[in-house]
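Sequences listed follow chains A and B, in order. Residue 1 is where the first sequence starts when you use this note's numbering, and the numbers rise one by one after that. Residue 1001 is where the second sequence starts when you use this note's numbering, and the numbers rise one by one after that.
Hint data in this document are derived by calculation from the structure and do not stem from the laboratory. Quick reminder that beta carbons are idealized off the backbone N, C-alpha and C, glycines included. Be careful, since some hints might not be right.
What follows is a set of in silico ranges between Cβ atoms, one per label pair, in the way DEER data are often shown [to be verified]:
no. : chain 1 : residue 1 : chain 2 : residue 2 : range
1   : A       : MET32     : B       : PRO1131   : 24 to 32 Å
2   : B       : PRO1199   : A       : ASN2      : 40 to 48 Å
3   : B       : SER1078   : A       : ALA70     : 28 to 36 Å
With a straight-line cut-off of 27 Å between C-alpha atoms, the simulated DSSO-like cross-links for lysine-lysine are [what the hints assert, rightly or not]:
no. : chain 1 : residue 1 : chain 2 : residue 2
4   : B       : LYS1021   : A       : LYS51
5   : A       : LYS51     : B       : LYS1049
6   : A       : LYS51     : B       : LYS1183
7   : A       : LYS51     : B       : LYS1092
8   : B       : LYS1202   : B       : LYS1092
9   : B       : LYS1179   : B       : LYS1092
10  : A       : LYS51     : B       : LYS1179
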Amino acid sequence: MNCQHFTDFIIDWLDGELPADQAEVFAAHIEMCPPCEQYLDQYRTTVELTKDCAPAEDVPSEVPEALIRAILAARPEIDEPDGGAS
Amino acid sequence: MTPEDGTRELPSETTLLRNLKAGESAAFEVMVRTNTPRLLAVARRYLPKEADAQDAVQDAFLSAFRGIAGFTGASKLSTWLHRIVVNASLMKLRTRRRKPEVAIDDLLPRFEDDASAHHVDIIAAWRETAPDELTRDENRAMVREAIERLPDSYREVLTLRDIEQIDTTEVAEMLGVSKGVVKTRLHRARQALRALLDPHFKEEGP
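Using the sequences and the hints given, assemble the complete structure.
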């Protein structure tokens, strides 16, 4: 396995979808190739940073009232059993 | 039942769904008010322009209003709305004018043109990426900015898989492409993002 093949296989390896014999060669390449080990580590970090970049606290506590009103105003007319509140 | 502080309790999901299906305005208002903040946050991941994100949320609710009669309640209402706003955002993403993007090929790793196919570029070590909360916030902003620079077709796959955590099969269905295409785009998007982040995280030289 050369460095280019190693790089191609990263996603399957991380997903646990690399066949056992290829996974063994993949792991052996990590041991003998520091640049690929580094690259794999940074690829993993990139995935972690992506997962972490939209945390729950990004949900706005307030949204424009005009947006809420526009959404409600756009609701298709539906017959209301009680004849509607307004 | 009204709590002592005078705030209104939200109806249970079952009650809300029954009232929505009955077409009660108050139920629609509860659904819109409780879900809009979260849905707007989702839309903003795909659509950096605030007006586009708000349009997508509005489009999503319009679809939801039309589809509520057929909603079986097999999933939570919030999960159903989440999928709808993702679809609305993807639709919007495709209709808006394309902005200048980085060329994906320029961000993929390069290899020697021989049997060894070694990395051409030096893979320099990265510093610790999350030493404290302040740095984490800065990193989040920087990662989001880098994701926005990716070409649309790569950005949407990365967002759907790595941020929304939607599985490959469902992403393939949403985008109308094969699972193989989803995996290839995801792999290339992650590699391109790594390259965009590299200058920020590279350890300072001696």
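Consistency of the hints with the structure:
Under the hint 24 to 32 Å, the C-beta atoms of MET32 (chain A) and PRO1131 (chain B), about 31 Å apart, fit the expected range. Range check, PRO1199 (chain B) to ASN2 (chain A): about 27 Å between beta-carbon atoms, so the 40 to 48 Å window is missed. Between SER1078 (chain B) and ALA70 (chain A), the C-beta spacing of about 21 Å breaks the proposed range 28 to 36 Å. Between LYS1021 (chain B) and LYS51 (chain A) the alpha-carbon distance is near 35 Å, which puts this suggested pair outside the 27 Å criterion.
Restraint check for LYS51 (chain A) and LYS1049 (chain B): satisfied, since their Cα atoms lie roughly 21 Å apart, inside the 27 Å limit. At roughly 17 Å between alpha-carbon atoms, LYS51 (chain A) and LYS1183 (chain B) fall within 27 Å of each other, so this suggested pair holds. Under the criterion of a C-alpha separation no larger than 27 Å, the hint pairing LYS51 (chain A) with LYS1092 (chain B) is consistent with the structure, at around 23 Å. With a CA separation close to 36 Å, the supplied pair LYS1202 (chain B) and LYS1092 (chain B) exceeds the 27 Å bound.
At roughly 23 Å between alpha-carbon atoms, LYS1179 (chain B) and LYS1092 (chain B) fall within 27 Å of each other, so this suggested pair holds. At most 27 Å may separate the alpha-carbon atoms for a hinted pair to count; LYS51 (chain A) and LYS1179 (chain B) meet this at roughly 21 Å.
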